[in-house]
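Chains A and B are the protein sequences, given in the same order. Numbering of the first sequence is given in the UniProt record's numbering, commencing with residue 1 and proceeding in unit increments. Numbering of the second sequence is given in the UniProt record's numbering, commencing with residue 1 and proceeding in unit increments.
What the hints contain is simulated information worked out from the structure, not anything from laboratory work. This one's a predicted model, so the numbers in the text were calculated from it and none came from an experiment. Think of the CB as a built atom: it goes at the ideal place given N, C-alpha and C, for glycine as much as any other residue. A couple of the hints might just be wrong.
Below 20 Å or equal to it, Euclidean Cα-Cα: the simulated SDA-like pairs (lysine to any residue) are [what the hints assert, rightly or not]:
#1 A/K89 with B/G54
#2 B/K9 with B/A72
#3 B/K58 with A/W105
#4 A/K58 with B/F104
#5 B/K57 with A/P20
#6 A/K57 with B/Q108
#7 A/K58 with B/K89
#8 B/K89 with A/L62
#9 B/K57 with A/R107
#10 A/K89 with B/P20
#11 B/K194 with A/N242
#12 A/K58 with B/G91
#13 A/K89 with B/D63
#14 A/K89 with B/K58
Derived list of chain A stretches under chain B, where covered just means 3 residues or more per stretch with a C-beta under 8 Å from a C-beta of chain B [stated by the list, open to error]:
#15 15-25
#16 107-117
Here's the letter readout for the chains.
There are 2 protein chains.
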Amino acid sequence: MNVKELFEKGSELAYQSCIPHVSVDCVVFGFHESSLKVLLLKMKGVDKWGLPGGYVKKQEDLDQAAYRILKARTGASNIFLEEFKVFGKVGRSEADMAHLPESFWQRQRFVSVGYYALVNYAEITPVTDRISESCEWKDIDSLPELMMDHREILENALHTLRRNINYSPVGLNLLPREFTMPQLQRLYEIILGKPLHRGNFQRKIHSFNILNKHDANPSKKAHRPPILYSFDTVRYNEALQNGLKQEW
Amino acid sequence: MNVKELFEKGSELAYQSCIPHVSVDCVVFGFHESSLKVLLLKMKGVDKWGLPGGYVKKQEDLDQAAYRILKARTGASNIFLEEFKVFGKVGRSEADMAHLPESFWQRQRFVSVGYYALVNYAEITPVTDRISESCEWKDIDSLPELMMDHREILENALHTLRRNINYSPVGLNLLPREFTMPQLQRLYEIILGKPLHRGNFQRKIHSFNILNKHDANPSKKAHRPPILYSFDTVRYNEALQNGLKQEW
Chain A
1 MNVKELFEKG SELAYQSCIP HVSVDCVVFG FHESSLKVLL LKMKGVDKWG LPGGYVKKQE
61 DLDQAAYRIL KARTGASNIF LEEFKVFGKV GRSEADMAHL PESFWQRQRF VSVGYYALVN
121 YAEITPVTDR ISESCEWKDI DSLPELMMDH REILENALHT LRRNINYSPV GLNLLPREFT
181 MPQLQRLYEI ILGKPLHRGN FQRKIHSFNI LNKHDANPSK KAHRPPILYS FDTVRYNEAL
241 QNGLKQEW
Chain B
1 MNVKELFEKG SELAYQSCIP HVSVDCVVFG FHESSLKVLL LKMKGVDKWG LPGGYVKKQE
61 DLDQAAYRIL KARTGASNIF LEEFKVFGKV GRSEADMAHL PESFWQRQRF VSVGYYALVN
121 YAEITPVTDR ISESCEWKDI DSLPELMMDH REILENALHT LRRNINYSPV GLNLLPREFT
181 MPQLQRLYEI ILGKPLHRGN FQRKIHSFNI LNKHDANPSK KAHRPPILYS FDTVRYNEAL
241 QNGLKQEW
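Chain A with its partners taken away, still in its complex shape (with noise of 0.2 Å):
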């Protein structure tokens, strides 16, 4: 099947099981050697990148569409995924599609609905289909170009993750099980695009009293092995809910 054949599929497909002017982008972020990632693709026959997407079926509620897209796209079911902003500017989406036929579906107008996921990089592996020529990780600090407002979409996730970090701990889904201290410390650095003071951030994460820690067996040896930390998730779970303090 070559690429026209393939939009004109997807086009009959969507008519047939898809409400119109609605779609779903997704922007998946994870952690790995100190930086920031996120999912992209490459559909084929299309120059640009773009975050994974898809469209709302007729009997299925927003978010499960959201979760569908992603299972899809990683594999993962068990992701934390919230919406963040509503994209609907005319003209948003339909430039990119004016090589297709008029008729197809995908030349209408969306409105999209933006999802941010956290996941774990090590425990995803990113989905290449038949409509795609790749799905990578890219790191946010040198993306290739992107199609529609898929740049803009990326930017506003970015700037959600770093507002909720101030009232909203973070790190549960993007890191190992266990983890070191300047491991946590260097995520929250990545995401707040700045250095941190060491004291000061351990003594802000101990407050939160969301950690446990993991006493490395008693040794007298002069070379310890590094602290190892994990969430507790019921606390971790209760300051997601209830923000991490009170600030009035």
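Here the structure of chain A is known, so what remains is to put chain B in place on it, guided by the hints.
Frame of chain A, contents of chain B only:
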């Protein structure tokens, strides 16, 4: 025109000019006599109350639709308006419209984009139009029964307002231009849903550096008028953009 004819007329107009499946609902907050109010309307022939809402025109940005709908209801065009969440469950809007003929526009599934607005109560005149019986301010502590999922939308808006108050200034759009410190404190207490310590509140609000103090005429009388404040709009808007402070 009876109610059915009005719905029929609305159905025709919407088919011609709007995109299907996407709607907008607005939660308009005002502050009056020490309580937080929300603008609700009652459609003709419908028992329950609802949020001001509408559809998105084919050649209109999503945000423009929200501003247009609010202007129609309040007469005001310079309103603080922010999108906060999308409501997209299957069946959320269809059930309450089941009494209409199947071909009607209003019967389809709508994914609704929620906006919240902060307005100056004294400057707004709620508008009752041809399809509504009343458009009124209601106290958030004694709400009437609401249609569809509008109570969920309203509660989400309130939750967003409550969360945002921790990193954004609030008040410029809700208070008169000049206000007293007790008025400002009362607004914060109402939004947060709890009493605040007077001294802590004042220290904190002054630390944001967003207030101008208006000294009353120097007077030696024993009963001086209360000190009035206004927001420094430049610093207020800076704080709105950048957050009240760096948490980390």
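Going down the list of hints, with the structure as the test:
For a cut-off of 20 Å, the pair hint linking A/K89 to B/G54 stands: about 17 Å separates their Cα positions. For the given pair, B/K9 sits about 18 Å from B/A72 by alpha-carbon distance, which is consistent with the 20 Å threshold. Proximity of B/K58 to A/W105 is assessed by CA-CA distance (about 16 Å); at most 20 Å being required, the pair is judged to hold. Distance hint between A/K58 and B/F104 is fulfilled; the C-alpha atoms sit about 18 Å from each other, no more than 20 Å.
Note on B/K57 and A/P20: the hinted pairing holds, with a Cα-Cα distance of about 15 Å set against a maximum of 20 Å. Between A/K57 and B/Q108 the CA atoms are separated by roughly 14 Å; this keeps the pair inside 20 Å, and the hint holds. The suggested pairing of A/K58 with B/K89 holds, with an alpha-carbon distance near 11 Å, which does not exceed 20 Å. For the given pair, B/K89 sits about 6 Å from A/L62 by alpha-carbon distance, which is consistent with the 20 Å threshold.
A threshold of 20 Å between alpha carbons decides the hint, and for B/K57 with A/R107 the separation of about 17 Å falls inside it, so the pair holds. Restraint check for A/K89 and B/P20: the C-alpha separation of about 15 Å stays at or below 20 Å, so the hint holds. Restraint check for B/K194 and A/N242: the C-alpha separation of about 15 Å stays at or below 20 Å, so the hint holds. Restraint check for A/K58 and B/G91: the C-alpha separation of about 10 Å stays at or below 20 Å, so the hint holds.
As the CA atoms of A/K89 and B/D63 are separated by approximately 8 Å, the hinted pair is consistent with the 20 Å bound. Between the alpha carbons of A/K89 and B/K58 the distance comes to roughly 11 Å, so the proposed pair stays at or under 20 Å and holds. Restraint check on the stretch 15-25 of chain A versus chain B: 4 residues with Cβ-Cβ distances below 8 Å, three needed, restraint holds. Proximity of the stretch 107-117 of chain A to chain B, defined as three or more residues with a beta carbon under 8 Å from a beta carbon of that chain, is established by the 3 residues found.
Checked against the numbered hints given earlier, the structure satisfies every one of them.
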